[in-house]
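Guided by the hints, dock chain B onto chain A, whose structure is given.
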Amino acid sequence: MKLNKNKIKFLSAVTFLYVLLFEFIIPANKYFPKPSIIYDTSFDLLNDYNLMNSLILTGLVILSALLFSYLLIYLIRGSLMPFLEKYNNISEILKAFEVVPFIFIPIVLIFWIGASFLTEIIFVFVIAVAFWLFKVELLQKFIKQSYIDSAKSLNVSQSKIYKDIYWKSIEPQLIISFRKLNIYLWSVAILFEYIAGYFGVGSIYFQAYMYKDISAVFTLTIILSVIVCIFDLLLLLIDKQIIFWSSEK
Amino acid sequence: MSSSIIEIKNICYSRIDNLGFKKNIIESVSFNIVGGKITSFLYREKVRQEILLKIIAGLIKPDSGEVSSDKRIIYIPSEPSSLPWLNVKENILYNLRNVNNEKFQKIIQLVGLTGYDEHRPHNKSTGFRFRIALARALMNGGNVIVLENPFSNMDSLTKKECTVLIKKVNSSGVSIVFSTTNILDAIDLADDNFVITSSGNIEKINIDNSNEENILKVKNIL
Numbered sequence: 001m002k003l004n005k006n007k008i009k010f011l012s013a014v015t016f017l018y019v020l021l022f023e024f025i026i027p028a029n030k031y032f033p034k035p036s037i038i039y040d041t042s043f044d045l046l047n048d049y050n051l052m053n054s055l056i057l058t059g060l061v062i063l064s065a066l067l068f069s070y071l072l073i074y075l076i077r078g079s080l081m082p083f084l085e086k087y088n089n090i091s092e093i094l095k096a097f098e099v100v101p102f103i104f105i106p107i108v109l110i111f112w113i114g115a116s117f118l119t120e121i122i123f124v125f126v127i128a129v130a131f132w133l134f135k136v137e138l139l140q141k142f143i144k145q146s147y148i149d150s151a152k153s154l155n156v157s158q159s160k161i162y163k164d165i166y167w168k169s170i171e172p173q174l175i176i177s178f179r180k181l182n183i184y185l186w187s188v189a190i191l192f193e194y195i196a197g198y199f200g201v202g203s204i205y206f207q208a209y210m211y212k213d214i215s216a217v218f219t220l221t222i223i224l225s226v227i228v229c230i231f232d233l234l235l236l237l238i239d240k241q242i243i244f245w246s247s248e249k
Numbered sequence: 001m002s003s004s005i006i007e008i009k010n011i012c013y014s015r016i017d018n019l020g021f022k023k024n025i026i027e028s029v030s031f032n033i034v035g036g037k038i039t040s041f042l043y044r045e046k047v048r049q050e051i052l053l054k055i056i057a058g059l060i061k062p063d064s065g066e067v068s069s070d071k072r073i074i075y076i077p078s079e080p081s082s083l084p085w086l087n088v089k090e091n092i093l094y095n096l097r098n099v100n101n102e103k104f105q106k107i108i109q110l111v112g113l114t115g116y117d118e119h120r121p122h123n124k125s126t127g128f129r130f131r132i133a134l135a136r137a138l139m140n141g142g143n144v145i146v147l148e149n150p151f152s153n154m155d156s157l158t159k160k161e162c163t164v165l166i167k168k169v170n171s172s173g174v175s176i177v178f179s180t181t182n183i184l185d186a187i188d189l190a191d192d193n194f195v196i197t198s199s200g201n202i203e204k205i206n207i208d209n210s211n212e213e214n215i216l217k218v219k220n221i222l
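Protein chains in written order, with my numbering: chain A, 1 to 249; chain B, 1 to 222.
Hints were generated in silico from the structure; no laboratory data involved.
Keep in mind the model is a prediction, meaning the values are calculated, not measured.
Beta carbons: idealized from backbone N, C-alpha and C, even for Gly.
Where hints are given, some of them may not hold.
As the list claims (entries may be wrong) - Derived DEER-like restraints, expressed as beta-carbon distance ranges:
no., chain 1, residue 1, chain 2, residue 2, range
1, A, 130, B, 164, 51 to 57 angstroms
2, B, 155, A, 11, 44 to 50 angstroms
3, A, 230, B, 119, 32 to 38 angstroms
4, B, 61, A, 68, 38 to 44 angstroms
5, B, 117, A, 114, 57 to 63 angstroms
6, B, 198, A, 242, 46 to 52 angstroms
7, A, 107, B, 117, 37 to 43 angstroms
8, B, 119, A, 48, 56 to 62 angstroms
9, A, 60, B, 118, 37 to 43 angstroms
10, A, 173, B, 9, 41 to 47 angstroms
What the hints assert, rightly or not - Heads up, incomplete: computed chain A residues facing chain B, CB under 10 angstroms, no partners named:
no., residue
11, 144
12, 145
13, 146
14, 149
15, 150
16, 152
17, 157
18, 160
19, 171
20, 244
21, 245
22, 246
Excised from the complex, chain A in its bound form:
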């Protein structure tokens, strides 16, 4: 989510229209809360809904899932990449499950292990690892054959070709995917917490729903959007610092 000029212009226009419409023209309606109420609700979220603790909890889950899933894939890349190359139709087979509603997984997991912080960590981590596996499998189909032929001709070992050439070739695209995964994991974690119902940011949505507090839903969404955006910009910054080459096709 790169905040270019057009996006900033669009967001500013939407904000301006929202303030104009719901603060001044039609302030009393049951669908959209007044901007001034949204502002006030942010303090309620901090004091009454314990937003800060929930944010730290959810943020920690997402950050640790992002880092440790990538670390795991990196550490096993030497055996993972030849495996995925050999069984290159795994993702096609697993696509059979794409018709299963996603919500089934967190519900079943809560039934099996119980709704706890640990269950959430396991759930988000598994989703992140699955994301990387699909990504690696997809990307390694596009590695330049000239790198591989050249390395083989130089008697580079097959294991080094996988660990070094395959990995480095797909790394720029993987780092870009970090940003997609970040956005994706926030939704996944919030969904899990909503179902679990008593911890994390998702549980605030649940409470707001129970209390019919629509302004809390709006305010929380705005706060989360800003936080996800900050995470995204940080990842973009890291990406630009460490990846100076691109995946050539």
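Using the frame of chain A, we list chain B on its own:
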């Protein structure tokens, strides 16, 4: 008199095409490549020349027949093969354990990369990346360098520079084998010329005197 450094005896190679039919790519060919020379392979079909060069370089095993050579053969693909995440020096020394610094300096001087040690090859010209690949092959002790259509992505000036470079490398005792679709490259650069025919055979031809009769003969064979 120069002797053969690569002997190819009765090699065959086939593939199953998209429709499930067996397609012969190389059909029982035998020829020798003479040491110290520049040898060209003129071709029309990309797949045949790619397979043939990879068989010569030992990257692909033929279905039958044998390739015998006691030389170190290094293959350089047509697409740039220098690794964009490494700088020039790291690329040239890639996978080498014991680095002979004197040899390295001689080689980068030979290929014209002196002073570019720390540059990264990404976004540089194809000529720049070709020089890196050539230096890497020499650093790895290549006695025979197999170039797959080396000039396909080059502009005319870069091509001329690389032609001169190939001749320079050859005069240092390294044998060069290359494939091309351009008969003028073969005339300009090669000492020995072969044609890969559309049926997968190899024929040695003489195009020293580039007269009309010779050109027509090549055209007929292709």
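Verification of the hints:
Remark: the range hint 51 to 57 angstroms for residue 130 of chain A to residue 164 of chain B is upheld by a beta-carbon distance near 54 angstroms. The supplied range of 44 to 50 angstroms is met by residue 155 of chain B and residue 11 of chain A, whose beta-carbon atoms lie about 45 angstroms from each other. Look at residue 230 of chain A against residue 119 of chain B: about 36 angstroms separates their beta carbons, and that is inside 32 to 38 angstroms. For the hinted restraint 38 to 44 angstroms between residue 61 of chain B and residue 68 of chain A, the CB-CB distance of approximately 42 angstroms keeps it satisfied.
Checking the proposed 57 to 63 angstroms range against residue 117 of chain B and residue 114 of chain A shows it holds: the Cβ atoms sit about 59 angstroms from each other. Take residue 198 of chain B and residue 242 of chain A: their Cβ atoms lie about 49 angstroms apart, and the range 46 to 52 angstroms holds. For the pair residue 107 of chain A and residue 117 of chain B, the beta carbons lie near 59 angstroms from each other, so the given range of 37 to 43 angstroms is not met. For residue 119 of chain B and residue 48 of chain A, the Cβ-Cβ distance of about 60 angstroms falls inside the hinted range of 56 to 62 angstroms, so the restraint holds.
Between residue 60 of chain A and residue 118 of chain B, the C-beta spacing of about 41 angstroms keeps the proposed range 37 to 43 angstroms intact. Checked against the given bound of 41 to 47 angstroms, the beta carbons of residue 173 of chain A and residue 9 of chain B, roughly 44 angstroms apart, stay inside it. Look at residue 144 of chain A: its Cβ gets to within about 6 angstroms of chain B, closer than 10 angstroms, so that hint holds up. At a threshold of 10 angstroms, the smallest CB-CB gap from residue 145 of chain A to chain B is about 7 angstroms, leaving the interface hint in force.
Here the hint on residue 146 of chain A is kept, as its CB sits about 4 angstroms from the closest CB of chain B, short of 10 angstroms. Hint status for residue 149 of chain A relative to chain B: holds, with the closest Cβ pair at about 5 angstroms, below 10 angstroms. The restraint placing residue 150 of chain A at the interface with chain B holds, with a minimum CB-CB distance near 4 angstroms, inside the 10 angstroms limit. Below 10 angstroms, beta-carbon pairs count as interface contacts, and residue 152 of chain A has one with chain B at about 6 angstroms; its hint therefore holds.
Proximity of residue 157 of chain A to chain B holds as hinted, the smallest CB-CB distance being about 8 angstroms (cut-off 10 angstroms). Against a cut-off of 10 angstroms between C-beta atoms, the interface hint on residue 160 of chain A holds, since the closest Cβ of chain B lies about 7 angstroms away. Look at residue 171 of chain A: its Cβ gets to within about 8 angstroms of chain B, closer than 10 angstroms, so that hint holds up. The interface hint given for residue 244 of chain A holds, since its Cβ lies 7 angstroms from the closest Cβ of chain B, which is under the 10 angstroms cut-off.
Because the closest C-beta pair between residue 245 of chain A and chain B is about 4 angstroms apart, less than 10 angstroms, the hint holds. Given hint, residue 246 of chain A at the interface with chain B, holds; its Cβ is 7 angstroms from that chain's nearest Cβ, closer than 10 angstroms.
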